[in-house]
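*Asks:* Residue-level listing of the chains:
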Amino acid sequence: MTGNDWGSVTERLGGNSYEVDEGNSHILVHQEEARRTGTGKLLVRVCPAHVYSEEEDGTIAVEYAACLECGTCRAVAAPGTLEWHYPEGSMGVSFREG
Amino acid sequence: MTAAMTDIEYDFDVIVIGGGVAGAVCAHQLATAGRDVLLVERGAEPGGKNLSGGVFYCRIMQELFPTFLQDAPVERRITRNCLSFLNAASLVNIDYWDARLAEPVNAVSVLRARLDPWLAARAEDAGVTVMSGVKVDALLREGGAITGIRAGDDELRARVVVAADGVNSFIARDAGLRAQEPTKHLAVGVKSVIRIGEDEVRRRFNVEGDQGVAYAVVGDCTQGVAGGGFLYTNTDSISIGVVLRLDDLVAKKRTSSEVHDHFLAHPAVRGFLTGGELLEYGCHLVAEGGRAMQHDLVHDGLVLIGDAAGFTLNTGFTIRGMDLAAGSAKAAAEAIDEALSRGDVSREGLMGYLTRYKESFVGKDMDTYARAPEFLETPEMYKEAGELLADVLYNVYNLDLSPRRRLTATAGNALKRSPLTIRRLATIGYRAMRAL
Chain A
1 MTGNDWGSVT ERLGGNSYEV DEGNSHILVH QEEARRTGTG KLLVRVCPAH VYSEEEDGTI
61 AVEYAACLEC GTCRAVAAPG TLEWHYPEGS MGVSFREG
Chain B
1 MTAAMTDIEY DFDVIVIGGG VAGAVCAHQL ATAGRDVLLV ERGAEPGGKN LSGGVFYCRI
61 MQELFPTFLQ DAPVERRITR NCLSFLNAAS LVNIDYWDAR LAEPVNAVSV LRARLDPWLA
121 ARAEDAGVTV MSGVKVDALL REGGAITGIR AGDDELRARV VVAADGVNSF IARDAGLRAQ
181 EPTKHLAVGV KSVIRIGEDE VRRRFNVEGD QGVAYAVVGD CTQGVAGGGF LYTNTDSISI
241 GVVLRLDDLV AKKRTSSEVH DHFLAHPAVR GFLTGGELLE YGCHLVAEGG RAMQHDLVHD
301 GLVLIGDAAG FTLNTGFTIR GMDLAAGSAK AAAEAIDEAL SRGDVSREGL MGYLTRYKES
361 FVGKDMDTYA RAPEFLETPE MYKEAGELLA DVLYNVYNLD LSPRRRLTAT AGNALKRSPL
421 TIRRLATIGY RAMRAL
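Chains as they are written, first to last, in the numbering used here: chain A, 1 to 98; chain B, 1 to 436.
Treat the hints as calculated values from the structure; they're not laboratory data. Each residue gets a CB set at the ideal place from its N, CA and C atoms; glycine is no exception. Treat the hints loosely; a few may be bogus.
[Claimed, not checked] Here are some of the chain B residues that sit facing chain A, going by a computed Cβ distance under 8 Å:
| # | residue |
| --- | --- |
| 1 | Arg112 |
| 2 | Phe170 |
| 3 | Thr378 |
| 4 | Pro379 |
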C-alpha cells in the first residue's frame, strides 16, 4: 500500500507534531565509513521515518527534523558510522497519541 | 557512606530520569514514602516521547493507584484476544472472548500521550518535582559513585539516581555502565493510530461498551521478518502496526515502513481500517531479549528500571512491558527508600532492588519465559507454520467432490506438501512447550 489512503511516509509525518531545533542536527553520518561498511544503505531501509536517503553520488542525506527518535539507526549502524543522540530538551517529536 | 559523600550538598534524595510508566511510578512511590524526588523528562510534556504497542496488563496499577480504572485515561478494557496466523491469502485465527476478562479488569488499551501526563500528575500530587523539557546529558560522579545529573550547564545532586530513560538506555550506556545490546535483543515497532469512530470500533470488532480487542499476529504481516503484527482497539481509534526484530530486518533487507504498509493493506486487515483517518504514524524500539537483558542494573548511587533495564516480555500470546515497568519501579522504590534509611546507597546498599523484583511477579515471569526469546527465533513461526495450519483447514473445508479423508490423513497430506517435516514440527512443538 505504498501510495495508500494515508500518503507517503513523509506526508504522514506532516500530521505529527514537531519542535525543530533549527540548525542543530542531533544526527551525524560519517559518510566514508557509512559507504565502506554498507551502513548508509542500511539506514535508508530500517528508519521508519525515512530520515535517511541516498543521493546520486552515494552520500547519505539526513532529514533530522523528521526523526521519531526510536534509535533503530543507532542500534544497527556499524561502529564509527553514525552519531545519534536525542534532540535537546523539548525539541523533536511530540507524540499526540503514543 | 564515605566521608566524601556526606560532604556533598544534595538537591534531592532521588532524581528519576524519564517520565514514562517506570519513572513516574518510581517517583510517586518514593515521594509517598516521604522522599524528596525530582522527575526529569526530556519531552515538552511527559508522554511526548513515548509510544507503546497498546495493551497494559494493569492489575499492578490498580494496586498502586486504587482509582486507576476510574480516573486514568485508559481506552478500552481488553476482553477479546486474538492470536492470528496470517498468510499471503489466508488467515487462521484463535479468537478468545471471555466476559471474565471484563470484571475484574485485567488489561486495558492506552495511548501514552494521555496516560503518561496523568501518571506524572499523580507523582506531582505525591510531592514529586516534575521538570519537563529537560534532557539529561550525563551523570555526575564522585569517586566512582553516581551523585547526580548534568543537563546543559545545570548540575543537580541526589543520593540516588534512577535511570528510567527507556529502551535506548543512553544514561547507563554513555556512562559505560551498560554494554550495547545485540540487535537480536531489539526490535522496532512501527505503528499507526487510525480513527474510525466509536460506533465503528464496536461494530467492526463486535464488542460492547468500553470492551476492546487485542490481536497478536504472526506470519505474512512481517513479510517473513521475525516479529509480528499487532492491532488494538482504542476508544474511537485503532492502534495497528508491526514489530520487527532488528537482526532479521537487516538480514532480510526489508524496509521497515514498507513492511508496516504491507500489513495494513493485507486483505484480512484493511477492512478494519476502511475510511479511517490517520491520527499518527510513529515508531519505537522494543526490548526483545527477555531475562538476558537484566544485567548491570545496580551501581553505586544508580539503579535502572523499566525498558532501560530490558523489562519486556513477548510470549507470542501477550506482549508486556508497561506492567513490568511499574513492577520494577515499585521494587526499586522500596529498595531505595530502605537504602536511604540505612544511609547506604552503595551498590551493595541498593541490591535490595534485585531481591525485590526477583521475588515479585516481574522476576518470576521473566524466569518463566526465559526461553521465549530463543523459541521466537524459530524461523518457521514466521511463514511455514501458518501456511501449514491454513492448508489443513483448506482441505477440511474445500469440498471439491474428491473423496474426504479423516482429519489425521488430511493433516498428514498437508505436512507432506509443507517444507516442515514431522520431525521439525515435533522439535518446534517441544521447544514451544518448554518456552511458553
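*Asks:* Hints first: check each against the structure and report whether it holds.
*Replies:* Right, here's what the structure says about each hint:
1. Arg112: 3 Å, holds
2. Phe170: Where the cut-off is 8 Å and the nearest Cβ of chain A is about 7 Å from Phe170/B, the hint holds.
3. Thr378: Cβ of Thr378/B sits 22 Å from chain A, so the hint is violated.
4. Pro379: 20 Å, violated
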